[in-house]
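Student: Residues per chain, in single letters:
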Amino acid sequence: MFASNHFFKRRDLINYGLLAILLVVILPLSMDIFRLNLVGKYLSYAFVAMGLVLCWGYGGILSLGQGVFFGLGGYAMAMFLKLEASSPEATAIQSTPGIPDFMDWNQLTALPWFWEPFHSLTFTILAVLFVAPLFAYLIGVAMFKRRVGGVYFAIITQAVAAILTILIIGQQGFTGGVNGITDLRTLMGWDIRTDEAKYILYFVCVAVLFACLLLCHFVLKSKLGRLLVAIRDREDRVRFSGYDVSNFKIFVFCFAAMLSAIGGAMFTLQVGFMSPTLVGIVPSIEMVIFCALGGRLSIIGAVYGALIVNAAKTTMSEAFPELWLFAMGALFIGVVLAFPNGLAGLVESLRERFLTSRKAAAAAPAKQPEPEPDDADELDTNTRAVSQS
Amino acid sequence: MFADYTSSELLAIFAMQGFAGLSLFSIFVLMALGLAIIFGQMGVINMAHGEFMILGAYMTYITSHIFADYLPSLYGSYFIFAMVFAFIAAGALGALVEWALIRRLYHRPLDTLLATWGLSLILQQCYRSIFGAREVGVTLPDWLMGSVPMSDMVDIPINGLFVMALTLTIAAAVYYLMYRSNWGGQVRAVVQNRPMAGAVGINTEKVDRMTFALGCGIAGVAGSAFTMIGSTGPTSGQLYIVDTFLVVVFGGASSLLGTIASAFTISQAQSTMEFFLSGSMAKVLTLLVVVGILMLRPQGLFALKIRR
Chain W
1351 MFASNHFFKR RDLINYGLLA ILLVVILPLS MDIFRLNLVG KYLSYAFVAM
1401 GLVLCWGYGG ILSLGQGVFF GLGGYAMAMF LKLEASSPEA TAIQSTPGIP
1451 DFMDWNQLTA LPWFWEPFHS LTFTILAVLF VAPLFAYLIG VAMFKRRVGG
1501 VYFAIITQAV AAILTILIIG QQGFTGGVNG ITDLRTLMGW DIRTDEAKYI
1551 LYFVCVAVLF ACLLLCHFVL KSKLGRLLVA IRDREDRVRF SGYDVSNFKI
1601 FVFCFAAMLS AIGGAMFTLQ VGFMSPTLVG IVPSIEMVIF CALGGRLSII
1651 GAVYGALIVN AAKTTMSEAF PELWLFAMGA LFIGVVLAFP NGLAGLVESL
1701 RERFLTSRKA AAAAPAKQPE PEPDDADELD TNTRAVSQS
Chain D
10 MFADYTSSEL LAIFAMQGFA GLSLFSIFVL MALGLAIIFG QMGVINMAHG
60 EFMILGAYMT YITSHIFADY LPSLYGSYFI FAMVFAFIAA GALGALVEWA
110 LIRRLYHRPL DTLLATWGLS LILQQCYRSI FGAREVGVTL PDWLMGSVPM
160 SDMVDIPING LFVMALTLTI AAAVYYLMYR SNWGGQVRAV VQNRPMAGAV
210 GINTEKVDRM TFALGCGIAG VAGSAFTMIG STGPTSGQLY IVDTFLVVVF
260 GGASSLLGTI ASAFTISQAQ STMEFFLSGS MAKVLTLLVV VGILMLRPQG
310 LFALKIRR
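Heads up: the protein sequence lines correspond to chains W and D, in order.
Position in the first sequence (first residue = 1) + 1350 = the numbering used here.
Position in the second sequence (first residue = 1) + 9 = the numbering used here.
Just so you know, these hints were derived from the structure itself, not from any lab.
Be careful, since some hints might not be right.
Quick partial rundown of chain W residues pointing at chain D, CB under 7 Å, derived from the structure [said to hold, decoys possible]:
| id | residue |
| --- | --- |
| 1 | L1412 |
| 2 | A1442 |
| 3 | L1471 |
| 4 | F1480 |
| 5 | I1505 |
| 6 | A1509 |
| 7 | I1516 |
| 8 | G1520 |
| 9 | I1550 |
| 10 | V1554 |
| 11 | V1556 |
| 12 | V1558 |
| 13 | G1679 |
| 14 | V1686 |
| 15 | F1689 |
| 16 | L1693 |
Ranges between beta-carbon positions, derived for each pair [said to hold, decoys possible]:
| id | chain 1 | residue 1 | chain 2 | residue 2 | range |
| --- | --- | --- | --- | --- | --- |
| 17 | W | L1673 | D | W108 | 21 to 31 Å |
| 18 | W | Y1487 | D | S190 | 42 to 52 Å |
| 19 | D | L105 | W | R1589 | 36 to 46 Å |
| 20 | D | S190 | W | F1568 | 55 to 65 Å |
Glycine residues also receive a C-beta, built at the ideal position from the N, C-alpha and C atoms.
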């Protein structure tokens, strides 16, 4: 454990490097802008999956309401862009110029008060970053201080996702209803719909993704990450050691919420709309499978998980739409039953097998093969995760 | 919001909405009873519960067609047979699912949740492939049509009354089974202390399978009753699953009485508010209140004290 106190191990550097080469060099060179834009969209889900790795894989808290935070971030960004697209000149044909078109269709004559601050980009960015964690904090305080966790927490977060979806759809005049906020055009006068803008936004998204990956890496390598694993595995012992367990849980839940919200904002910028179909129960639980497929203990795995599941979804729904739900259902069951640690766990165990067989061949036959000290702690974490959660 | 109505109108509104609430209550109770057995007694999260219910609804649909085509003279009583078929089909599928999936995951409740969600997606697509994406409905036999006039403003539909009577019967049967029969004693023994129950000779694996199958079977009957009130589509089950889980959790997961009490509270609150507010706002308010109360009192209304 102490031998591996360097911030990056060699293997981490290789993993990050491979991901960077894939996202920055290989994909942009091999795809046209339409496909690359889709990859950008998948990457915005990767933020949510990363948050779930921290929250679920390390903290043991399964939230089925990450779509709520994704939506809060996405809607904040969409409200800003929509206000910019609804200048009085652009909306002169409406009965009330200067307000978003769906408000005009719903007989609203003035901008609601909570839309006003979204004229400012600074406020919007702050809202993207802090509204979702604040909301998560409220839920977290109410739940974790009372030691509610596990299954109950999952059900309640799911209910929150249901409530927010019904609210957004019901309050059509304020939120755009079931269609969501569409027809977004410019960001500070810069047209986000052109191919050039889409390239730039893709690279911005990749840069933000790597910043968040490093932040997660930092959290997990710190003492906090160790404590989270300890809480997941033996909550009582951590509590008896004098730690306030609930505060750590609240922190990691809020952190995951912030990551989701950033993902939501990146989604809105790249895809050009935001709707309640990305907030509800179904998308929220799909986001869990991105994380589960990639490996619930690997932040890089989460990125690959989001990319693979979404790419498969797009390909399959284009080719055989009726098979997609079967594949998705089989994926849920297969990941849970066959490889609970996901692709990262699979890669890890293959690597272990390779290393031990090579060592066993090299070392004297009597000597027991030992795993590298470098990996000892991670291996331990992985094996325990299967029996827990 | 009450100012626009006279007192007699208000009374009639409350009576009508109260009755509509009772219909919703019946559905909630029927769905939640199965879930309360599976979740409350076994601690298994079955996200595919709604799909078991829909299986019962489709069985009813098939039965009604078989009776209409081959036994038109008995058409009036097809519903009784349909309920039996629905119970058997859903129960058998439940036993199969327990054997293939659930028993491997008893120690990982959160993973059960994900696996059963996957199962629900597969079942939904099966229904869509077999029965089509469109919603189907059944023709009610004549004796269930019509309504009973209570006063000049209030009419009570007969099918609603029938569903309610059915709910009461099933609830009573479940109560008898769980608290008065030998088998129920075994189930409760396994819930309270699994190793000790095994030590006194109870086959805990068999009890688990039967309990899960029973819960699914009741969901099938619920689906059968559901066809009398609404039409059935491949995704109808998903609409109710969150509500049902909230009902069970709100009532205190391991208490059947609590489940019924909370189903009553939630359905009445929702249908009364639906008249004065829009449907979506009524739902939002109800869910918010339930979630709020659960945050203050996580163990639910009726908590059973058991040693963990």
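Student: Output the indices of the hints that this structure fails to meet, ascending.
Tutor: 2, 3, 4, 9, 10, 11, 12, 15 and 16
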